[in-house]
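Make a model of the complete structure from these sequences and hints.
Just so you know, we're using this note's numbering here: the sequence shown kicks off at 1 and counts up by one.
Incorrect hints may have been included.
Mimicking DMTMM-like on lysine to aspartate or glutamate, the simulated pairs with C-alpha atoms at most 25 Å apart in a straight line are [said to hold, decoys possible]: (1) K60 x E189; (2) K15 x D73; (3) K93 x E10; (4) K63 x D143; (5) K140 x E151; (6) K140 x D171; (7) K168 x E28; (8) K4 x D171; (9) K125 x D171; (10) K127 x E66; (11) K125 x D73; (12) K60 x D73; (13) K125 x E98; (14) K125 x D181; (15) K24 x D12.
Note that these hints are calculated values from the structure, not bench results. If you're wondering where the values come from, they're calculated on a predicted model, not measured in any experiment.
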Amino acid sequence: DGNKQTPYTETDGPKPINIYGASKLAGEQAIQTIDADHMILRTSWVYGSRGNNFLLTMLKLMKERENLRIINDQRGTPSWARLIAETTAHIVKQSLLERQQKTFQSGLYHLTSSGQTTWHGFAEKIKSIAQSQNKRDVLKIRDISPITTCEYPTPAKRPMNSSMSINKLQDKYNLTMPSWDASLELCMEEMS
Numbered sequence: 001d002g003n004k005q006t007p008y009t010e011t012d013g014p015k016p017i018n019i020y021g022a023s024k025l026a027g028e029q030a031i032q033t034i035d036a037d038h039m040i041l042r043t044s045w046v047y048g049s050r051g052n053n054f055l056l057t058m059l060k061l062m063k064e065r066e067n068l069r070i071i072n073d074q075r076g077t078p079s080w081a082r083l084i085a086e087t088t089a090h091i092v093k094q095s096l097l098e099r100q101q102k103t104f105q106s107g108l109y110h111l112t113s114s115g116q117t118t119w120h121g122f123a124e125k126i127k128s129i130a131q132s133q134n135k136r137d138v139l140k141i142r143d144i145s146p147i148t149t150c151e152y153p154t155p156a157k158r159p160m161n162s163s164m165s166i167n168k169l170q171d172k173y174n175l176t177m178p179s180w181d182a183s184l185e186l187c188m189e190e191m192s
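Written as structure tokens, this is what we have:
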């Protein structure tokens, strides 16, 4: 529900506050009831160089507007779609070996970058990277003002904290997930 002050762990009881969260939980529960091997990977704040996502929306708006107002009281971890895909491939490969060795155990893991920020912090980092890539002449943006969730009402209620602990994933699969801002920089370099 976003009320926890620290990152959520896989053992925290889910309490969805909107239809989207409830549908994701229903999917997890349906998979867990089937008598078959499974792996559930939770992620959040996904962005990439294609599709509709926060990164691409911000870059578009920063070319069109001088000022933006972005929420600064919701926390989470931006996660690059490519990182999610590559990590998933690693997990699948290891899981297949475990199945051959008959040591595989179904599970639920959080898969995000490391660290956390706010939507405002995410937008500021996008601006900073874009400016460092010599796109200043393309960007109109001058100021990104922090606002509260109450100042930007949306039809669906949003969790104030959607950051997730990735310790279980890192320990099980011997991974060190990169920071959200390092991943963002790699993504934006790839885009340019």
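List of violated hint numbers, smallest to largest
6, 9 and 13
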